[in-house]
Every structure is written in C-alpha cells, then in structure tokens.
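Quick note on the UniProt record's numbering: the sequence shown kicks off at 1 and runs consecutively.
Read the hints as simulated data drawn from the structure, not as lab findings.
Watch out, some of these pointers could steer you wrong.
[Claimed, not checked] The list that follows gives simulated cross-link-like pairs (lysine to aspartate or glutamate, DMTMM-like), each with its CA atoms no further than 20 Å apart: (1) K64 <-> E115; (2) K64 <-> E74; (3) K123 <-> D94; (4) K81 <-> D23; (5) K14 <-> E57; (6) K105 <-> D23; (7) K116 <-> E92; (8) K14 <-> E74; (9) K81 <-> D125; (10) K64 <-> D125; (11) K105 <-> D18; (12) K14 <-> D125; (13) K64 <-> D94; (14) K81 <-> D18; (15) K14 <-> E95; (16) K123 <-> D23; (17) K116 <-> D127; (18) K64 <-> D18; (19) K14 <-> E92; (20) K64 <-> E92; (21) K116 <-> D23; (22) K105 <-> E95; (23) K105 <-> E115.
It should be emphasised that the depicted structure is a prediction, and the values quoted were computed from it without experimental measurement.
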Amino acid sequence: MPSFHAQLAIGPFKPVLDSFILDINQDIDSLGRPSSRVFAGMITMAFNTSADPLVAEWMFSPSKQLSGTVTIRELEGQTLKTIHFTNAYCVEMDEFFDGTANTAKMTTTITISPEKITVGQVKHDNDWALIEYT
C-alpha cells in the first residue's frame, strides 16, 4: 500500500499521479567534482490518461510553456513536499495501454523541463535566454 499521494495541478487540470521523478543534476569531472552549474528540473510524471487536450496541446507546441504545482502528501493528508514549476516545456509524452492486463487502464507519462523550480522553500532558476520560434 502506498504511503504517499501526489497530484499535479495546472490550472483546472489536476490528475492524481501514479509516479513522479524530479531530476536535479550537474556535470562532474573525472575526479567526481562538480564541473557545471546545477540543472534543475526535468520532471517525469505518469497519470491516468484524460480526455482533456491540455497535455497533447502542450506537447505538440514547441513554444508552449505552462506553470503548475506537484503536491506530495502523506496518506493522512499532511503535505510532505510542494514543487512549483514555471515556464515549463513538455519535452516528452508517452501513452500506454495494455488490454491484456487486469488493470486495463491507459497511462500518460510526460517529461517537462521548467525554467524555474521551487522545491519547498528552495528556488532555482535555469536562467533561460529568450528563444524565438519561426
């Protein structure tokens, strides 16, 4: 039985998350020392597929940026962690359905890359330059 409950919120779109991965990293040199600035924010999330077109529209538009929140709660309802993301691009989307499984549900998995991220009280800005699409 899970001990946590996580929910994504982007405006009125608020799916419960089946899984959540937050990747924060930096390059290292041959001795294992940091050799780049911190890159924060690749977020991968899986949830039950919805008829709401928001995610597909986000993925198919290379210039669309959205902001939102992931809230992770303990089963008793107490908030364990809140992650706010700002100006995120949807950089990957997978939809999966296995009709042979007993659960027979359709799952959407997305990976987003935000410009800014706040984890609890800790803030990080990837300092993106303005990108123009033609």
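Hints and how they fare:
With a C-alpha separation of about 12 Å, the suggested pair K64 and E115 falls inside the 20 Å cut-off, and the hint holds. Note on K64 and E74: the hinted pairing is violated, with a Cα-Cα distance of about 32 Å set against a maximum of 20 Å. Our distance criterion of 20 Å between C-alpha atoms is broken by K123 and D94, whose separation comes to about 29 Å. Restraint check: the Cα-Cα separation between K81 and D23 comes to about 15 Å, which is no more than 20 Å; the hinted pair holds.
Proposed proximity of K14 and E57 is supported: the alpha carbons are some 16 Å apart, at most 20 Å. With a C-alpha separation of about 27 Å, the suggested pair K105 and D23 falls outside the 20 Å cut-off, and the hint is violated. The straight-line distance between the Cα atoms of K116 and E92 is roughly 18 Å, inside the 20 Å bound, and the hint therefore holds. With a C-alpha separation of about 18 Å, the suggested pair K14 and E74 falls inside the 20 Å cut-off, and the hint holds.
Restraint check for K81 and D125: the C-alpha separation of about 19 Å stays at or below 20 Å, so the hint holds. Among the hinted pairs, K64 with D125 is consistent with the structure: their alpha-carbon atoms are about 18 Å apart, no more than 20 Å. This hinted pair checks out: K105 and D18 have alpha carbons roughly 12 Å apart, not beyond 20 Å. With a CA separation close to 25 Å, the supplied pair K14 and D125 exceeds the 20 Å bound.
Taking the CA atoms of K64 and D94, the gap is about 18 Å. The hint holds against a cut of 20 Å. The hinted pair formed by K81 and D18 meets the criterion: a straight-line CA distance of about 16 Å does not exceed 20 Å. About 18 Å separates the Cα atoms of K14 and E95, which keeps this hinted pair within 20 Å; it holds. Between K123 and D23 the alpha-carbon distance is near 14 Å, which keeps this suggested pair within the 20 Å criterion.
For the given pair, K116 sits about 8 Å from D127 by alpha-carbon distance, which is consistent with the 20 Å threshold. Taking the CA atoms of K64 and D18, the gap is near 24 Å; set against the 20 Å cutoff, the hint is violated. For a cut-off of 20 Å, the pair hint linking K14 to E92 stands: about 19 Å separates their Cα positions. With a C-alpha separation of about 13 Å, the suggested pairing of K64 with E92 holds against the 20 Å cut-off.
Using a Cα cut-off of 20 Å, the hinted pair K116 and D23 holds, with the two alpha carbons roughly 13 Å apart. For the suggested pair K105 and E95, the alpha carbons sit about 11 Å apart, so the restraint of at most 20 Å is met. Between K105 and E115, the direct Cα distance comes to roughly 32 Å. Violation of the 20 Å bound is thereby established for this hinted pair.
In this structure, the earlier hints numbered 2, 3, 6, 12, 18 and 23 are contradicted, and the remaining ones agree with it.
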